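If you want the building blocks of each chain, they are given just below.
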Amino acid sequence: MNNLINRDKRITGKSKIRLFVKKNASGWLFLLPTVLILYTMVWRPTVMAGVWSLFKMRAYTIGEFIGLNNYKMVISHSQFVPILINTLKYVFWSLIIGFIPPVVLAIMINEVVYFKSASKIILYLPTIVPGIVCMIMWTYIYSPEPTGLLNMLLSKVGCGSFGWLNNPDFTIVGIIIMKTWKGLGGAMLLYYAGLQNVNSELYEAAVLDGAGMWKRAWNVTRPALAATLVLNFVNQINAVFQTLDEPLTMTGGGPNGASATLAYQLFQYGFRSGGKSTGQAMALGVIIFAILIVLTIFYFHVNKKIEENY
Amino acid sequence: MGRFSNKEAGIISNVDLKTFKGQLVHWIFVAVLIVFCVVSVIPTLWVVMTAFKDSKEIYVSRSFFPVNCSPSTAWSRISDAWVKLQLGDSIINTFVKSLGDWFFTIVFCGFAGYSLSKLKPKGTKLVFTLIVWTMLMPGQIRMVPNYITMLHFPFAFDIGGVNLLNTYWSLWIPNAANAFKIILFKNNFDALSNSFVEAAKIDGCSDFGVFFKIMLPLSMPILLFVSITTLEVAWADYFGPLIYLTDNITLPLKIYQMKTDVTIQMNTYFMGLMFACIPPAIIFLVMQKHIMGGITVGGVKG
Numbered sequence: 001m002n003n004l005i006n007r008d009k010r011i012t013g014k015s016k017i018r019l020f021v022k023k024n025a026s027g028w029l030f031l032l033p034t035v036l037i038l039y040t041m042v043w044r045p046t047v048m049a050g051v052w053s054l055f056k057m058r059a060y061t062i063g064e065f066i067g068l069n070n071y072k073m074v075i076s077h078s079q080f081v082p083i084l085i086n087t088l089k090y091v092f093w094s095l096i097i098g099f100i101p102p103v104v105l106a107i108m109i110n111e112v113v114y115f116k117s118a119s120k121i122i123l124y125l126p127t128i129v130p131g132i133v134c135m136i137m138w139t140y141i142y143s144p145e146p147t148g149l150l151n152m153l154l155s156k157v158g159c160g161s162f163g164w165l166n167n168p169d170f171t172i173v174g175i176i177i178m179k180t181w182k183g184l185g186g187a188m189l190l191y192y193a194g195l196q197n198v199n200s201e202l203y204e205a206a207v208l209d210g211a212g213m214w215k216r217a218w219n220v221t222r223p224a225l226a227a228t229l230v231l232n233f234v235n236q237i238n239a240v241f242q243t244l245d246e247p248l249t250m251t252g253g254g255p256n257g258a259s260a261t262l263a264y265q266l267f268q269y270g271f272r273s274g275g276k277s278t279g280q281a282m283a284l285g286v287i288i289f290a291i292l293i294v295l296t297i298f299y300f301h302v303n304k305k306i307e308e309n310y
Numbered sequence: 001m002g003r004f005s006n007k008e009a010g011i012i013s014n015v016d017l018k019t020f021k022g023q024l025v026h027w028i029f030v031a032v033l034i035v036f037c038v039v040s041v042i043p044t045l046w047v048v049m050t051a052f053k054d055s056k057e058i059y060v061s062r063s064f065f066p067v068n069c070s071p072s073t074a075w076s077r078i079s080d081a082w083v084k085l086q087l088g089d090s091i092i093n094t095f096v097k098s099l100g101d102w103f104f105t106i107v108f109c110g111f112a113g114y115s116l117s118k119l120k121p122k123g124t125k126l127v128f129t130l131i132v133w134t135m136l137m138p139g140q141i142r143m144v145p146n147y148i149t150m151l152h153f154p155f156a157f158d159i160g161g162v163n164l165l166n167t168y169w170s171l172w173i174p175n176a177a178n179a180f181k182i183i184l185f186k187n188n189f190d191a192l193s194n195s196f197v198e199a200a201k202i203d204g205c206s207d208f209g210v211f212f213k214i215m216l217p218l219s220m221p222i223l224l225f226v227s228i229t230t231l232e233v234a235w236a237d238y239f240g241p242l243i244y245l246t247d248n249i250t251l252p253l254k255i256y257q258m259k260t261d262v263t264i265q266m267n268t269y270f271m272g273l274m275f276a277c278i279p280p281a282i283i284f285l286v287m288q289k290h291i292m293g294g295i296t297v298g299g300v301k302g
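These protein sequence lines map, in sequence, to chains S and D. FYI, in the numbering used here the residues of the first sequence are 1 to 310. FYI, in the numbering used here the residues of the second sequence are 1 to 302.
I should point out that these hints are in silico values taken from the structure, not numbers from a laboratory. These numbers were taken from a predicted model, which means no experiment stands behind them. Honestly, I wouldn't trust all of these hints.
[Stated by the list, open to error] Dumping the calculated BS3-like pairs for lysine-lysine here, alpha-carbon to alpha-carbon at most 25 Å:
1) Lys22/S to Lys56/D
2) Lys56/D to Lys156/S
3) Lys22/S to Lys120/D
4) Lys276/S to Lys56/S
Turn these sequences into a full structure, and let the hints steer you where they fit.
Put into structure tokens, the structure is as follows:
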């Protein structure tokens, strides 16, 4: 008798597990491919880069433990500080040149009565030009030869040719102008979408209260865009800090390393050093990661405050 | 000026538009927009114009538009450039790459979104948090480790595994799971009623059936948006092929390598740049409404 009861309990225990598996199996199955890919392509490599940065790498195989030597080599490299400053210059100029125009243009498109949808579509057009085509196109536009578009314009006004990307003071600004040209439309549409959520009764009430255009822009439009502004601000710093394709294809990091970024240096360590500096590539990756994670945490902090306020 | 009086209140309201100051601000806005539109178009237009110029003309003439370019010479310049550049193979490679990216993105991100939204198995919360974190993690740190993984997939060390370098898989796999797209799908499925799923299951439909026959067809706008962005990004992808492919390269890489080829004239080369823009331009022309609407959908994500 006792035995029978025990067996019954065992069965219910087993069927509980079976029920649990049955309930969850299809859900897990649907998640499995994504989890596996994210594990092998995102989560594991991020951790492994941290681990391997402490090892000596022979091309792409792991050697012996060398502690922080890779980091020392990266930081003591004569170009490390100039390249870090370059990277910050990219971020600085992208905020100066590229951050405000999309907001202003979105507001303008939202306000005008004529030329509204046409300008929305035309401003979006550069976004559909493939990145590499953009970069090559702008290399030719900035070409120091008289055939470059900008030098062609200069010669029409009667000025001589200018070096553009060959000028170490202009390369970074030039690349940022190109990036802004390409990214403007997408960012503008994001802000435009944000503006559609503003109830026009708010503006009507502001008009009745006698608020002028500036006051309406500041007190009604600005709060509506605040969250998107902060998000784009952080995303832009994040993206520009990791600039790689442009120095790689447009300038080769030159002239004299004036346009090299940390990411560009990482690429050189990882894939153009003949396997000698793979370990340093990982160490530099960890350094970039650490800098940007601080930014992300800052974003969460600010975002919480915004959500509390509005 | 009928349109002025119908304008909804905004920074400029219809009351302002009756005054000189308000109208002035309005027309200044229009003028600024026109200037930016011109700047947006000129560089691409210049490439197209130069592509149709004669090879000597580029260096001699300082004209923006090609001179002496009739439709028949234009056509012969297109066909000459096509023969000279030999882009056929790389275009086919790029198509295969893009379609693979598209297929895996829709299926895997869609599956994950469906599971996270409707099936909610044990562990959903943890996986979702990890996916959100994935979106915030800077990608550069993974560059070299991912290359090592591709050398002996799916292992991180040299303990067997398959070398995926120089295959399409090395391009498809990293792009197949995208945190942002998973969240887009999840949010979209969240908005669909659970009763669709329950009703279908009572009728004997499996989860695969529910996903393909009910969830996807009900999510057309988001499906189109994800398809369009995936295809455009895949078509333009330069960095993946640069690292992982050595032969059978894709169009962006091919175009970049041709830049240093001295036997290719500038106008022929620009014709190649123009060819690379044609597929995304067609997608844009056909799907324009969905792209403009879709970004609104994506933008809500915040």
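Each hint tested on the structure:
1. Proximity of lysine 22/S to lysine 56/D is assessed by CA-CA distance (about 73 Å); at most 25 Å being required, the pair is judged violated.
2. Restraint check for lysine 56/D and lysine 156/S: the C-alpha separation of about 19 Å stays at or below 25 Å, so the hint holds.
3. Of the pairs offered as hints, the one joining lysine 22/S and lysine 120/D holds, with about 13 Å between alpha carbons and a cut-off of 25 Å not exceeded.
4. Among the hinted pairs, lysine 276/S with lysine 56/S is consistent with the structure: their alpha-carbon atoms are about 10 Å apart, no more than 25 Å.
The structure is inconsistent with hint 1 alone, although it conforms to all the rest.
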